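Each chain, letter by letter, is given below.
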Amino acid sequence: MMKAELTVCDEVVALVVSGELDAYTSPEVRDRLAEALEQDARWVLVDLTQTEFIDSFFLGILMGAGKRAGEKDGDITVVCHRDHLLITFHRSGTTELLNVVPTREQAEELIVGWKSASEDVGARCQEEENS
Amino acid sequence: MSAQGDRITLSIPVNAKFIAAARLLTAGLAARANLTVEAVEDLKIAVSEACTNVTEHAFANEAEARNKTIQLTFHVADGELTVEVEDEGRGFDPKHLPDMKNKPLDNDTGIGVYLIQEMMDEVKIESAPGSGTKIIMTKRCAR
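If you're matching them up, the sequences are chains P and W in order.
Mapping of the first sequence onto the numbering used here: position 58 corresponds to residue 58, and the numbering continues sequentially without gaps.
Mapping of the second sequence onto the numbering used here: position 70 corresponds to residue 70, and the numbering continues sequentially without gaps.
Don't read these hints as lab results, they were simulated from the structure.
Hints may be right or wrong, so weigh each one.
Claimed, not checked - Quick list of simulated restraints, FRET-style, between CB atoms: (1) P:E35 <-> W:N61: 21 to 27 Å; (2) P:E129 <-> W:K68: 40 to 46 Å; (3) P:E119 <-> W:E122: 48 to 54 Å; (4) P:T49 <-> W:E122: 31 to 37 Å; (5) W:R32 <-> P:S18: 25 to 31 Å; (6) P:A34 <-> W:H96: 38 to 44 Å; (7) P:S118 <-> W:G130: 48 to 54 Å; (8) P:D73 <-> W:E62: 18 to 24 Å.
Unchecked claim - Below 30 Å or equal to it, Euclidean Cα-Cα: the simulated DSS-like pairs (lysine-lysine) are: (9) P:K3 <-> W:K17; (10) W:K134 <-> W:K124; (11) W:K134 <-> W:K95; (12) P:K67 <-> W:K124; (13) P:K67 <-> P:K115; (14) W:K95 <-> W:K124.
Computed from a predicted model, the values in this text were never measured in an experiment.
No residue lacks a Cβ here, since even glycine has one placed at the ideal position from N, Cα and C.
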């Protein structure tokens with residue numbers, strides 16, 4: 001059984017998933033993330049604190065969401081502390097690509113930093129345009 | 001499900017809905033084989049990847065997969081579990097599997113088999129175009 005709760009606020013889509021994520025349950029998550037990224041969101045936070053199982057099908061969905069976020073100058077971070085899930089990220093070479101961190105607080109700090117850096121870049125671009 | 005000696009078989013439809021059942025049986029038998037908790041988790045992922053490969057890649061479309069099954073055979077021994085995952089799909093030449101070593105995941109091509117190889121102690125792939133596929137994988141790690 002899988003349960004997903006998704007919220008979008010201030011360009012951040014936060015997804016909390018519990019249960020098992022495989023080829024049967026993951027497509028719902030993929031569709032909801034894609035819908036959020038098609039609209040206002042460009043920063044993605046996926047919280048796997050309550051998730052019991054993931055496979056490469058779900059990893060592919062996270063990679064796709066990260067790619068779409070990147071196309072909007074955004075990024076993705078994943079909260080995961082369970083060893084048996086971390087092994088899947090590690091062995092697939094996706095730990096750094098998906099910015100996997102152990103706590104929700106660290107993920108939120110990452111996003112705040114990204115947003116701040118993005119706003120700085122935006123302000124510099126605006127200044128250059130005006131000068 | 002059927003059992004003969006320490007050999008158990010499970011047949012599931014080619015439908016992702018039933019992969020969780022394969023994982024559940026895998027976990028139960030791995031525990032029965034006295035494998036470590038880590039080894040049980042590795043086996044669950046490997047079996048899930050093998051079954052997902054069938055549901056996603058073995059057949060051209062849903063109509064072709066209808067009434068077909070994934071056959072799982074478990075050989076249970078103390079400190080060792082061997083799982084065979086077999087399908088009647090279109091098969092492939094194992095030589096054409098992409099080399100995922102040193103290559104981060106940028107799409108899902110070949111990542112399932114790569115993870116199986118990373119997580120199991122022994123993996124053998126028997127397949128040929130038009131002849132289905134059988135993946136035989138063994139995990140050893142006694143508690």
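Outcome of range test on Cβ distance (E119 (chain P), E122 (chain W); 48 to 54 Å): At 53 Å between Cβs, range holds.
Satisfaction of hint between K17 (chain W) and K3 (chain P), Cα-Cα up to 30 Å: holds, 15 Å
Distance restraint between K134 (chain W) and K95 (chain W), which requires alpha-carbon spacing of 30 Å or less: holds, 15 Å
Range hint 40 to 46 Å (beta carbons of E129 (chain P) and K68 (chain W)) holds or violated: violated, 60 Å
Hinted pair K67 (chain P) and K124 (chain W), Cα distance within 30 Å: violated, 33 Å
Given hint K124 (chain W) paired with K95 (chain W) - CA-CA distance at most 30 Å: holds, 12 Å
Pairwise beta carbon distance, T49 (chain P) to E122 (chain W), judged against the given window 31 to 37 Å: Once the Cβ atoms are compared, 34 Å apart, the range 31 to 37 Å for E122 (chain W) and T49 (chain P) holds.
Range hint compliance [Cβ, A34 (chain P) to H96 (chain W), 38 to 44 Å]: About 30 Å separates the Cβ atoms of A34 (chain P) and H96 (chain W), which means 38 to 44 Å is violated.
Outcome of range test on Cβ distance (D73 (chain P), E62 (chain W); 18 to 24 Å): Violated, at about 38 Å.
CB-CB spacing for S18 (chain P) and R32 (chain W) relative to the 25 to 31 Å hint: holds, 27 Å
Given pair status - K124 (chain W), K134 (chain W), alpha carbons within 30 Å: Holds, because 8 Å separates the two Cα atoms, which is no more than 30 Å.
Distance restraint between K67 (chain P) and K115 (chain P), which requires alpha-carbon spacing of 30 Å or less: Given that 30 Å is the threshold and the Cα spacing comes to 17 Å, the pair holds.
In summary, the numbered hints that this structure violates are 2, 6, 8 and 12.
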